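Protein chains in written order, with the UniProt record's numbering: chain Z, 1 to 246; chain H, 1 to 248.
Relax, there's no trap hidden among the hints.
Partner residues are not named here, just some residues of chain H that face chain Z (Cβ under 7 Å, in silico):
#, residue
1, A147
2, L148
3, G149
4, L150
5, R151
6, Q154
7, V159
8, P162
9, Q163
10, P240
11, L242
Because the hints were derived from the structure by calculation, they are not lab data. Note that the structure is predicted; figures quoted are calculated from it, not measured. For glycine and all other residues, C-beta sits at the position ideal for the given N, C-alpha and C.
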Amino acid sequence: MIRFSSVNKWYGRDHHVLKNLNLEVRQGEVVVVCGPSGSGKSTLIRTINQLEPINDGEISVGGIVVNDPKTDINTLRAEVGFVFQHFNLYPHLSVLDNITLAPIQVKKMSRSAAEKLAMELLERVGLANKRDAYPSNLSGGQQQRVAIARGLAMQPKVMLFDEPTSALDPEMIGEVLGVMQKLAESGMTMMVVTHEMGFAREVADRVLFLADGEILEDTTPEAFFTAPKTDRAKQFLRQILSPMHG
Amino acid sequence: MHYNWDWGVFFHSTGIGSEIYLDWFIKGLGWTIALSLAGWVIALLLGTVLGVMRTLPGKILPKIAAVYVEIFRNIPLLVQLFVWYFIVPDLLPQGLQTWFKQDLNPATSAFISVVICLGLFTAARVCEQVRTGIQALPKGQTNAAYALGLRVPQIYKEVLLPQAFRIIIPPLTSEFLNIFKNSSVASLIGLMELLAQTKQTAEFTANLFEAFTLATIIYFVLNMGLMLFMRWVEKRVRVPGLIALGGK
Ligand SMILES: Nc1ncnc2c1ncn2[C@@H]1O[C@H](COP(=O)(O)OP(=O)(O)O)[C@@H](O)[C@H]1O
Ligand SMILES: [Mg+2]
Numbered sequence: 001m002i003r004f005s006s007v008n009k010w011y012g013r014d015h016h017v018l019k020n021l022n023l024e025v026r027q028g029e030v031v032v033v034c035g036p037s038g039s040g041k042s043t044l045i046r047t048i049n050q051l052e053p054i055n056d057g058e059i060s061v062g063g064i065v066v067n068d069p070k071t072d073i074n075t076l077r078a079e080v081g082f083v084f085q086h087f088n089l090y091p092h093l094s095v096l097d098n099i100t101l102a103p104i105q106v107k108k109m110s111r112s113a114a115e116k117l118a119m120e121l122l123e124r125v126g127l128a129n130k131r132d133a134y135p136s137n138l139s140g141g142q143q144q145r146v147a148i149a150r151g152l153a154m155q156p157k158v159m160l161f162d163e164p165t166s167a168l169d170p171e172m173i174g175e176v177l178g179v180m181q182k183l184a185e186s187g188m189t190m191m192v193v194t195h196e197m198g199f200a201r202e203v204a205d206r207v208l209f210l211a212d213g214e215i216l217e218d219t220t221p222e223a224f225f226t227a228p229k230t231d232r233a234k235q236f237l238r239q240i241l242s243p244m245h246g
Numbered sequence: 001m002h003y004n005w006d007w008g009v010f011f012h013s014t015g016i017g018s019e020i021y022l023d024w025f026i027k028g029l030g031w032t033i034a035l036s037l038a039g040w041v042i043a044l045l046l047g048t049v050l051g052v053m054r055t056l057p058g059k060i061l062p063k064i065a066a067v068y069v070e071i072f073r074n075i076p077l078l079v080q081l082f083v084w085y086f087i088v089p090d091l092l093p094q095g096l097q098t099w100f101k102q103d104l105n106p107a108t109s110a111f112i113s114v115v116i117c118l119g120l121f122t123a124a125r126v127c128e129q130v131r132t133g134i135q136a137l138p139k140g141q142t143n144a145a146y147a148l149g150l151r152v153p154q155i156y157k158e159v160l161l162p163q164a165f166r167i168i169i170p171p172l173t174s175e176f177l178n179i180f181k182n183s184s185v186a187s188l189i190g191l192m193e194l195l196a197q198t199k200q201t202a203e204f205t206a207n208l209f210e211a212f213t214l215a216t217i218i219y220f221v222l223n224m225g226l227m228l229f230m231r232w233v234e235k236r237v238r239v240p241g242l243i244a245l246g247g248k
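Bound-form chain Z, shown alone (with noise of 0.2 Å):
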């Protein structure tokens, strides 16, 4: 479903933040990427929908090639959900025009249509009764899960997540984790930024480790918590799954 062939981006002429970065992701499959800040795991997530352009390599989704000129980017974007660590809902849209701008502006849907698909979703993530709400009357976890809703709207095949609970109060990252878990069940292919360590054990296939924009680990998360390779892994599991960390 998302494949990374020899993938090299630098920012600026000399810092190398993605190395040759090779990667295929099954349709179905939940895949998590961790590693220390900085690694370059946000610049990783962002290039499969080219909000990140990439310098060399190739990055297909579905079959369809991402930094191909010839494609349109925003059919391609238009399949590929992204929630991002600030939630970044429209402020002067109410919940529900949130959820409803894109198919109506993208995919051309009536607005009738796109409404009810709207008040599906909105019923799936648990914010029905918020649909004429504005985004600010709502608490961090609420946000993030209308902006889940938001991305769903559009149909996509692929559901990006970069630090989804990152920035949310420790008692609300469970009602966005919950959301994302019964996503992973009705078979929606994710890769998901997080260090939540309890997501990745329970729901991901996969987990990838990265570091100084190079993939150390990709592996199951049964090897990748109880027997890591490399010496940067076992680090960086230990720091984050201290006491001290929470």
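Go by the hints and put chain H with the ligands onto chain Z.
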């Protein structure tokens, strides 16, 4: 010095038909409002287009808009008016030139020149406000829109401009008030707007202080009215927490 205050002067006949001096003020106010509103429509439309151009990716369009702003913001308004009124008509093709200079009523041709002048001058200022408003929005707003597959025109129309305009209502209000003040340049090319009518009344009646006091009151009431109107607009479109939200 002894000055004879006479507030009744505004009801004296001007000697032209049954006209009283108050009628001159009303006519003047009419021109002032017409000039300002017509200029404002141009300023708002053109200024928005230019402000959007300033923030587009790429090099050429932002540069064009930047040069426009430099030119129109830095040349004194009065110089610009003389260019539009005395020089530009001479550069027009013959047919248009005859139409502008001879067929049109002199007040109409002066009106057109002033409206263009005010509109283009104020557009440069509106442009900078719109640009500031757009740039104040978190980058995440654009990224989220890109991620959903929206195209650049849709992003501006649905996401960026509705938010940018809400943020910039206060500075736009002062530009809106400025265009009313600036419209008085029209008096220098003989268009009888409020200031010109005031001066004329002062000359005809020798009641200089009354004339200018009335003009001051009219400008003041006009300003207050516009300000209250813009406050009302701002309240109506207010969205709680608009600027507080955001992220990368
Ligand atoms: N737009 C950018 N321009 C230049 N450098 C960047 C940019 N975005 C990220 N970087 C740098 O690239 C590296 C990887 O960043 P990022 O992908 O955000 O890492 P992570 O998400 O793993 O913390 C970091 O060193 C960061 O400072
Ligand atoms: Mg990151």
